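In the order they appear, the protein sequences are chains R and G.
Numbering-wise, my numbering puts 238 at position 238 of the first sequence, and it's gapless, one number per residue.
Numbering-wise, my numbering puts 70 at position 70 of the second sequence, and it's gapless, one number per residue.
Simulated from the structure, these hints should not be mistaken for laboratory data.
Remember, it's a predicted structure, so these values are computed and weren't measured experimentally.
There could be a bad hint or two in this list.
List of simulated lysine-lysine pairs, DSS-like, C-alpha gap at most 27 Å [unchecked claim]: (1) R/169 with G/128; (2) G/267 with G/294; (3) G/267 with R/47; (4) G/340 with G/264; (5) G/313 with R/169; (6) R/176 with G/264; (7) R/47 with G/54; (8) R/39 with G/294; (9) G/54 with G/110; (10) R/169 with G/267; (11) G/205 with G/54; (12) R/39 with G/205; (13) G/203 with G/191; (14) G/264 with G/54.
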Amino acid sequence: MKDRSLRLIVICLLGLLPIAMYVHLMSGQIELSYSSYWKAIFDFNNKDTYQVLIREFRIPRMMMALVAGAGLSLAGMLMQTLFKNPLAGPYVLGINSGASLLIAVSMMTGIQLFQSNFGLIGTALIGAMGAGFLMMFVAQRLKSQISLLLVGLMFGSFTAALVSMIESKAGAESLKSFTMWSMGSLQQVTFEQLPIILTLFILSIASVFLLVKPLNVLVLGEKSASMLGIHIQRTRFLILGITALLAGLITAFCGPIAFVGMAIPNLTRMLFRTSNHAALIWGNVLIGGLFLLGIDSIIQLLEGQLSIPLNAFTSLIGAPFVVFLLMRKIK
Amino acid sequence: MIFLVLLLCACQTGKRTEKSTQKSIANYCRYSKYLSIKDSLGGYVVLIQHPDSKHRYYHLFIAQPTKRLSVLSSTHIGMLSALHQENAIVGISDLRFVFSPLVRNRTLAKQIVQLDQAQSEQTISVDKLLESKTEYVVYSAFSGSFSNEERLRKLGIQCIPDYDWREESALGKAEWVLLFGALTGKMQEAKHLFSTIEKAFQKEKIKLSSVHQPERMISGNVTGDFWYAPAGDSYMSQLYRESGFHYIYQHVKGTGSLAYSMEKIMKDGQQVQIWMNPGFPTRSAILGANPKAKYLPFFSNARIYCYTHNSNKYWELSALRPDWLLADFHAILTNNEGKKRYFYQEVR
Chain R
1 MKDRSLRLIV
11 ICLLGLLPIA
21 MYVHLMSGQI
31 ELSYSSYWKA
41 IFDFNNKDTY
51 QVLIREFRIP
61 RMMMALVAGA
71 GLSLAGMLMQ
81 TLFKNPLAGP
91 YVLGINSGAS
101 LLIAVSMMTG
111 IQLFQSNFGL
121 IGTALIGAMG
131 AGFLMMFVAQ
141 RLKSQISLLL
151 VGLMFGSFTA
161 ALVSMIESKA
171 GAESLKSFTM
181 WSMGSLQQVT
191 FEQLPIILTL
201 FILSIASVFL
211 LVKPLNVLVL
221 GEKSASMLGI
231 HIQRTRFLIL
241 GITALLAGLI
251 TAFCGPIAFV
261 GMAIPNLTRM
271 LFRTSNHAAL
281 IWGNVLIGGL
291 FLLGIDSIIQ
301 LLEGQLSIPL
311 NAFTSLIGAP
321 FVVFLLMRKI
331 K
Chain G
1 MIFLVLLLCA
11 CQTGKRTEKS
21 TQKSIANYCR
31 YSKYLSIKDS
41 LGGYVVLIQH
51 PDSKHRYYHL
61 FIAQPTKRLS
71 VLSSTHIGML
81 SALHQENAIV
91 GISDLRFVFS
101 PLVRNRTLAK
111 QIVQLDQAQS
121 EQTISVDKLL
131 ESKTEYVVYS
141 AFSGSFSNEE
151 RLRKLGIQCI
161 PDYDWREESA
171 LGKAEWVLLF
181 GALTGKMQEA
191 KHLFSTIEKA
201 FQKEKIKLSS
211 VHQPERMISG
221 NVTGDFWYAP
231 AGDSYMSQLY
241 RESGFHYIYQ
251 HVKGTGSLAY
261 SMEKIMKDGQ
271 QVQIWMNPGF
281 PTRSAILGAN
291 PKAKYLPFFS
301 NARIYCYTHN
311 SNKYWELSAL
321 RPDWLLADFH
331 AILTNNEGKK
341 RYFYQEVR
């Protein structure tokens with residue numbers, strides 16, 4: 001696709017973003033005035049229930065939907081480029097499973113890797129990183145793309161089995177906490193946690209932009225990329241590091257969110273019809289963010305009639321999409 | 001007579017069949033929607049109706065008391081303990097969820113086997129069940145069915161569904177103790193116990209009717225994205241209503257759970273004075289699981305009560321002892337710190 005068309009799509013998506021954010025903010029059960037929003041941000045009074053609702057519930061939830069959708073899509077794009085596999089993604093390749101496993105260990109066995117408030121992020125990061133390197137090690141020894149996905153799914157099943165074993169020995173309280181975390185939620189993040197989350201998120205996106213050239217060349221294959229002067233090992237390490245940071249950050253705060261990281265990069269590629277990662281990064285961030293904002297707005301609008309957990313909703317949409325992609329691939 | 005013989009043949013196979021009624025013989029159960037026990041030929045004919053189908057019944061003829069029972073729910077252990085029949089238990093689900101000291105000790109001494117440490121009735125160990133020489137398995141069918149039923153029956157083990165958790169009335173739930181009385185040959189003791197509970201329950205209700213200032217109350221807590229609370233027609237909501245609480249969702253239709261957003265809870269919970277069953281024993285534990293609980297209008301102002309100081313005791317005995325639950329509710333409503341509490345403690 002021509003650069004002009006790509007720019008136009010990005011501008012359209014950028015235009016849609018504030019609308020989606022506005023719709024998300026207004027999707028709650030209670031009607032709130034604009035002045036409440038203004039005060040909640042610039043003149044906060046913690047005694048006012050409506051201001052608390054906006055500042056502590058609506059804004060963090062909206063920001064987290066944006067960050068999780070954009071972050072997981074970006075992580076998925078990186079995985080798909082690194083493994084040269086359109087079906088790769090942090091969920092399918094077990095990156096989320098690695099994070100979940102270490103969080104299960106941390107929550108239910110008392111073995112805590114970090115003691116600080118952000119211990120959960122650190123734990124999830126190490127888990128995601130470990131799973132990422134394991135997948136990379138396996139990928140170097142497998143020629144078939146489908147085999148790699150199967151290994152990812154097997155790794156997911158293996159970690160799920162380990163988590164079940166830990167659960168069977170866990171105390172009632174820690175089991176309850178882990179179950180609550182594993183249901184996934186965009187509501188756990190507080191207003192105070194937003195700056196650190198947004199900082200890490202923006203840093204990750206900026207780092208991916210620095211990798212545009214190696215990513216564009218990696219599409220040609222590692223051999224060609226190496227001949228064109230790309231330091232393969234360092235690039236791989238950086239890609240995995242950023243993916244682990246994004247997937248770990250989102251998994252730690254929101255629990256597992258399925259299929260976004262696999263489906264959105266493919267959708268973006270279909271829409272953008274380019275292998276230029278500068279455009280694809282924009283596309284994934286915007287479409288991913290818009291997608292999760294939309295899904296969560298629907299969840300909020302349906303509240304009262306139907307209670308659908310976030311992870312269930314993304315799976316409902318994502319699973320048929322994977323089948324569609326597989327069928328296209330087989331044809 | 002021919003009809004009776006035919007019925008007993010059907011009962012001994014334990015199969016679910018169409019309902020056959022015996023109007024002439026009195027049913028021991030007066031409150032339960034799903035359980036019926038009648039005398040027959042020196043034993044008991046038990047009829048258990050499936051809660052989701054009026055046409056599905058489970059028949060059983062109990063001719064001899066058993067000394068070898070496996071029970072898959074805490075409530076079953078509580079009912080057997082109340083009848084002092086812990087020695088009849090040979091299999092339980094998971095020791096972590098047992099309160100009864102005798103059952104705990106017998107499990108630790110390997111006299112009782114643990115059948116399922118994966119917390120699902122569907123995954124119980126059939127090998128261990130056979131090793132324990134169980135004659136009956138009492139299950140709850142929380143997930144709708146009990147997949148091992150047919151297989152175990154072929155091995156000569158009777159499987160009995162216990163739908164006490166589907167009962168909508170407190171006494172209907174407690175009346176399932178009669179099933180364990182019939183199984184262990186302690187029917188008279190079970191009848192006496194139930195009659196004591198029934199009287200105590202009515203007495204507590206009268207006491208509660210004199211509490212003139214019902215306090216606004218909310219129940220439940222957040223799991224994932226939703227706040228789960230008992231619906232208006234559920235067992236718990238009815239018990240709250242009978243106790244004199246002004247449960248804020250008591251008029252919302254439904255027998256299961258309500259799932260509401262935190263926003264709705266923030267709005268509806270403005271005047272709440274009592275928060276029941278947050279699921280944690282301390283305020284810091286509530287905050288640990290959900291840091292945003294501090295913004296709930298009732299988190300700092302309301303009195304919070306839960307059974308989680310001893311969850312196993314609650315799950316084992318609360319279904320059998322609704323009178324104890326009401327006694328606790330009375331103490332909570334009157335804010336009587338000195339009164340003995342059976343299950344509930346203030347969350348501080």
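Hints and how they fare:
| no. | hint | verdict |
| --- | --- | --- |
| 1 | R/169 with G/128 | holds, 19 Å |
| 2 | G/267 with G/294 | holds, 15 Å |
| 3 | G/267 with R/47 | holds, 14 Å |
| 4 | G/340 with G/264 | violated, 35 Å |
| 5 | G/313 with R/169 | holds, 20 Å |
| 6 | R/176 with G/264 | holds, 23 Å |
| 7 | R/47 with G/54 | violated, 53 Å |
| 8 | R/39 with G/294 | holds, 20 Å |
| 9 | G/54 with G/110 | violated, 41 Å |
| 10 | R/169 with G/267 | violated, 39 Å |
| 11 | G/205 with G/54 | violated, 32 Å |
| 12 | R/39 with G/205 | violated, 49 Å |
| 13 | G/203 with G/191 | holds, 18 Å |
| 14 | G/264 with G/54 | violated, 37 Å |
The structure fails to meet hints 4, 7, 9, 10, 11, 12, 14 from the earlier list, while all remaining hints are met.
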